[in-house]
Each structure stands twice: as C-alpha cells, then as structure tokens.
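Student: Single-letter residue listing:
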Amino acid sequence: MNKEVISDRQGTILMILFVWGSSILVGAGGVAKKDMWLALIIALIMALVIVGMYIKLLNLYFGKSLYDIVNLVYGKYIGTAISIIYIWYSLHLGALVIDNFGQFISTVGLPETPIIISKIFLTVLCACAAKEGIEVIARWGQLFIVFIFFIIGITILFVIPDMKPWQVLPVLESGVMPLVKGSFGILAFPFLETVLIMAVTPFAKTKESISKIYRYGILISGVFLLMFALRNLFTIGANKISFHYFPSYAAVGRINIGDFIQRPQILITTSFLITGFVKISLCILATVNGAAKLLKLNNFRTIVYPSALLMLSLSTVVYKNIIETVLWAPTIYPVYAMLFQLIIPAATLILALVKSKNSARST
Amino acid sequence: MDIILIIAAFIVTANLDIFKLLNDGDKKELAKYVFFTSFAIALSITCLLFVRPNSIAAIIERLLSPVIKSN
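So the sequence lines, in the order shown, correspond to chains A and B.
If you want the numbering used here, it's the position in the first sequence, counting the first as 1, plus 196.
If you want the numbering used here, it's the position in the second sequence, counting the first as 1, plus 38.
For reference, chain A alone in the conformation it holds in the complex (with noise of 0.2 Å):
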C-alpha cells in the first residue's frame, strides 16, 4: 500500500472539515441553551487538552494508525477486538451523517422524495472520493473551503440587521448543570470526534505536523463553531433555536436586505454538503483502513463500495425519525461516545507510556 502524505495545511483543512461535519447545520450544545455560546468555549478548551492525549500517543508510534497502535499495545487478540470496536464507531458515526443528510435534504428540499435515493447519491460520491484516497480529498477540502469561508462570511454579515445580542442574558439563567451537559455534548460531538482522524491512515510529514493538525484544527473549527452559534443565538434566540431540527438553516432564512436577497438558505446548504462529504468519506477511509488491516488486504480501494454501502444500509436503521435525532444525539451520544473517544485511548496512552518506559529500562 502506498503511503500517503498530506501538508499540515491540508492537514488542518481536513480535520475543520471534519470537525464542522453535520454540526455545522444541525448545532451543538443546543441543551446548555442561552449558555451555548460559554459551553462551546468550555468544550473548545477541554478539547485542546484531550487532543493532547491522541498527539502523545501518535508521537510514540508515529507512521502508524490507530489499528497499528493497538494490535501493537494490546496484542493480537485484544488489538483485534478494539480495532474491530473502532471499526464499528466509525461506521456508525457515517451512517449518522449520512441520516442527517437525508433527514435534511427530505425536510427541506424534497419531501415526496424517498429518502434512500438521496442518500445512495451521497454514499456512492463519498465511496468515489474514499476510493482515490485522502490526499485527493484533502486537495479538493483545500479548494472547496475557500467558498466555505466566503459563504460564512456573507451569512454572518447579512443576519447582522436581524441580531439581538441581548437574547443570551442573562448568563447562566438555567443553572449549571446544563451548562455543564451542553459542554460535554459538544465535547463528544464534534470535537472528540476527530479520534477517528487516527484510525485513518497516518498521513502527516513529520511528528510536529500531527499536534500542528490536531491543534490548529480543533482550535479554528472551535472558534467558527462559536462564532456560528452566536450568529443562531442572537438571530433567533435560544429557545426558537430548540424548536429547529437545522437552527443554521433557519438563522440565514431570516435574511433580508431591501426585499431583493432573500432566503439564501442555499449558501447554507451547500456549505452543510461540502462538510458532510468530507466527514462521510474520512469516516468511510477509516472504516476501510481497519478492514482491510484486519483482512491483512494489499489494497484498502478494493473494500471501499461494500463498506460505503453497509454505512449506508445503517444510515436507514440508525433513527426511527427525526424526533429521535433530536432527542438522542444530547442525551445518549456523549455517554456512548466516551468509550471511543476517551476510556480506550487514555488506557492505550497509559499502557504504551508503561510499555516504553520497561523497554528503556531494560535497554
């Protein structure tokens, strides 16, 4: 297999991509509600912290994946049931942003559409992207962020008539206890996240290049996370902000500058299409790196179809509706996600520090 090397530019570029995924539509931390805003800032630096763990650990074992890391910490028995743990996360976490895409595209834009047929369109261009590897995505993430950036810009300047920055006092007016499960929900979703961006193959340049993408990225993807959920507080307040399944989408339709641009809810779907192909194809890579290491395949490419196409069966069973996204992506992701997220890496970065530590010793 041909290792594949990205620049730290491409490199950050994919993990804010990444990052921004689907919650750059359907919003993070929606139950810390006026607090939303000082959650993300909470999570942003927790974040930067626990990232520290996922760097530590790419360091000691630089030029490899998380598959690698395992089977080498663990063994052969335990590394092979964690990496097939992992394997699973990140199929399930594809499948999810591919629910939401439907979910979005059939509450929307076409609701006499069935839902599958929106979502076979996605999976199979996310599978094409997968296929051709990460540098190419990250080339094209490169090129297709620019017009992200613009896009935010020109949302974030037209809702600026419509803003009440009065509507997120007072500050902490529900107490702290959603502050502090609205921080952990945006902990685990988007930003703990990008555990996955580990288990895809290693692709960085040198061991500096890893904290620089790790690093750069949480913390840019954190501070435009934030700058988007003020743009949703201050345009349509807190609790209208529950009441929307995609707050972004109704944030940008209150635009209106003199009665000719209106609605351009179309900038803020295109930027939600661009962020969910990025995620769906790196969950996709990584779903086929763990394959294809545990079928010891010369070749990722060849698996990459059925894989895209197992995501996409899951994507249909993943929800009941749209009612159920809502009520469980806050309450059970953040709990469910900690196992792939925090439990098994900080065991395997404590396991790997003892296991590095003996061999110095004895040398």
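Do not rely on the hints blindly, as some may be mistaken.
[What the hints assert, rightly or not] Here are the simulated lysine-lysine pairs, DSBU-like style, with alpha carbons at most 35 Å apart:
#1 A:Lys492 with B:Lys66
#2 B:Lys70 with A:Lys327
#3 B:Lys66 with A:Lys260
#4 B:Lys107 with A:Lys377
#5 A:Lys272 with B:Lys58
#6 A:Lys252 with B:Lys107
#7 A:Lys272 with A:Lys199
#8 B:Lys107 with A:Lys229
#9 A:Lys327 with B:Lys66
#10 B:Lys65 with A:Lys436
#11 B:Lys107 with A:Lys516
#12 A:Lys260 with A:Lys403
#13 A:Lys403 with A:Lys252
#14 A:Lys401 with A:Lys492
#15 A:Lys492 with B:Lys107
#16 A:Lys403 with A:Lys272
#17 B:Lys65 with A:Lys403
#18 A:Lys492 with A:Lys327
#19 A:Lys252 with A:Lys553
#20 B:Lys107 with A:Lys260
#21 A:Lys492 with B:Lys70
#22 A:Lys229 with A:Lys260
#23 A:Lys327 with A:Lys260
#24 A:Lys408 with A:Lys553
#25 A:Lys436 with B:Lys107
#26 A:Lys199 with B:Lys65
#27 A:Lys327 with A:Lys272
#28 A:Lys360 with A:Lys272
#29 A:Lys272 with B:Lys65
#30 A:Lys252 with A:Lys199
#31 B:Lys58 with A:Lys327
#32 A:Lys516 with A:Lys436
#33 B:Lys66 with A:Lys516
Source of the hints: derived by calculation from the structure; they are not laboratory data.
Use these hints to put chain B onto chain A, whose structure you have.
Tutor: Only chain B this time, still in chain A's reference frame:
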C-alpha cells in the same frame, strides 16, 4: 424499496470491483473481497429486515440505560 435499491447498488459496484480483481489475477485478494462483500450484504439485509421496526439508537439507549440512570 430500500432493500432492493441497496442490493442493486451492491451488485453494480461489486461487479466493477470483481472485474478489476480478476484482471489483476490475485485469487487470494479476490476471495477476501468476496468474503467481505458477502458479509456486508448479509449484515445489510439483517439491518434492513430485522432492526427496522426498532433503531440502533434505541438499542444503544437500552444497553446504556444502567449507566445513564446512575448519572
């Protein structure tokens, strides 16, 4: 309809992959591909036929309910 469309997509894409693998002449790789694709199709059919009245979210919620209640 979902199941028909997804299986059709599996067959179309599998044909493309199998032609390439046959062309490469690596029988071991082809056998692994057939195994993985069959597994993926079987899992897809299981999901679409048997999980459908329920959902993965509900199953996970039930599995995690002791942890969530204690918190």
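Student: Against each hint, give a clear statement of whether it holds in the structure.
Tutor: Hint check:
This hinted pair checks out: Lys492 (chain A) and Lys66 (chain B) have alpha carbons roughly 10 Å apart, not beyond 35 Å. A distance of roughly 18 Å separates the Cα atoms of Lys70 (chain B) and Lys327 (chain A); the hinted pair therefore holds under the 35 Å criterion. At most 35 Å may separate the alpha-carbon atoms for a hinted pair to count; Lys66 (chain B) and Lys260 (chain A) meet this at roughly 25 Å. Proposed proximity of Lys107 (chain B) and Lys377 (chain A) is supported: the alpha carbons are some 15 Å apart, at most 35 Å.
Of the supplied pair hints, the one linking Lys272 (chain A) and Lys58 (chain B) holds, its CA atoms being roughly 31 Å apart against a limit of 35 Å. A C-alpha spacing of about 34 Å is found between Lys252 (chain A) and Lys107 (chain B), which places the hinted pair at or below 35 Å, so the restraint holds. In summary, the hint linking Lys272 (chain A) to Lys199 (chain A) is supported, as the alpha carbons are separated by about 23 Å, within the 35 Å threshold. With a C-alpha separation of about 23 Å, the suggested pair Lys107 (chain B) and Lys229 (chain A) falls inside the 35 Å cut-off, and the hint holds.
For the proposed pair Lys327 (chain A) and Lys66 (chain B), the alpha carbon gap of about 21 Å is at most 35 Å, so the pair holds. About 59 Å separates the Cα atoms of Lys65 (chain B) and Lys436 (chain A), which puts this hinted pair outside 35 Å; it is violated. Straight-line distance between C-alpha atoms of Lys107 (chain B) and Lys516 (chain A) comes to about 22 Å, which keeps the hinted pair within the 35 Å bound. For the suggested pair Lys260 (chain A) and Lys403 (chain A), the alpha carbons sit about 11 Å apart, so the restraint of at most 35 Å is met.
The straight-line distance between the Cα atoms of Lys403 (chain A) and Lys252 (chain A) is roughly 9 Å, inside the 35 Å bound, and the hint therefore holds. Simply put, Lys401 (chain A) and Lys492 (chain A) have alpha-carbon atoms about 25 Å apart, close enough for the 35 Å limit, and the pair holds. A threshold of 35 Å between alpha carbons decides the hint, and for Lys492 (chain A) with Lys107 (chain B) the separation of about 41 Å lies outside it, so the pair is violated. For the hint linking Lys403 (chain A) to Lys272 (chain A), the alpha-carbon distance of about 26 Å falls within 35 Å, and the restraint holds.
Taking the CA atoms of Lys65 (chain B) and Lys403 (chain A), the gap is about 38 Å. The hint is violated against a cut of 35 Å. Distance check on the hinted pair: Lys492 (chain A) and Lys327 (chain A) sit about 18 Å apart at the alpha-carbon level, within 35 Å; holds. Between the alpha carbons of Lys252 (chain A) and Lys553 (chain A) the distance comes to roughly 14 Å, so the proposed pair stays at or under 35 Å and holds. Between Lys107 (chain B) and Lys260 (chain A) the alpha-carbon distance is near 38 Å, which puts this suggested pair outside the 35 Å criterion.
A hinted pair counts as satisfied when its Cα atoms are at most 35 Å apart, and Lys492 (chain A) with Lys70 (chain B) qualifies at roughly 9 Å. Restraint check for Lys229 (chain A) and Lys260 (chain A): the C-alpha separation of about 41 Å exceeds 35 Å, so the hint is violated. Taken as a hint, the Lys327 (chain A) and Lys260 (chain A) pair is honoured in the structure, with Cα atoms around 20 Å apart against an allowance of 35 Å. A C-alpha spacing of about 26 Å is found between Lys408 (chain A) and Lys553 (chain A), which places the hinted pair at or below 35 Å, so the restraint holds.
With a C-alpha separation of about 29 Å, the suggested pair Lys436 (chain A) and Lys107 (chain B) falls inside the 35 Å cut-off, and the hint holds. A C-alpha spacing of about 24 Å is found between Lys199 (chain A) and Lys65 (chain B), which places the hinted pair at or below 35 Å, so the restraint holds. With a CA separation close to 28 Å, the supplied pair Lys327 (chain A) and Lys272 (chain A) stays within the 35 Å bound. Restraint check for Lys360 (chain A) and Lys272 (chain A): not satisfied, since their Cα atoms lie roughly 58 Å apart, outside the 35 Å limit.
Simply put, Lys272 (chain A) and Lys65 (chain B) have alpha-carbon atoms about 26 Å apart, close enough for the 35 Å limit, and the pair holds. Distance check on the hinted pair: Lys252 (chain A) and Lys199 (chain A) sit about 21 Å apart at the alpha-carbon level, within 35 Å; holds. Only pairs whose Cα atoms come within 35 Å are accepted, and Lys58 (chain B) paired with Lys327 (chain A) is accepted, the gap being roughly 14 Å. Restraint check for Lys516 (chain A) and Lys436 (chain A): satisfied, since their Cα atoms lie roughly 24 Å apart, inside the 35 Å limit.
At roughly 40 Å between alpha-carbon atoms, Lys66 (chain B) and Lys516 (chain A) are farther apart than 35 Å, so this suggested pair is violated.
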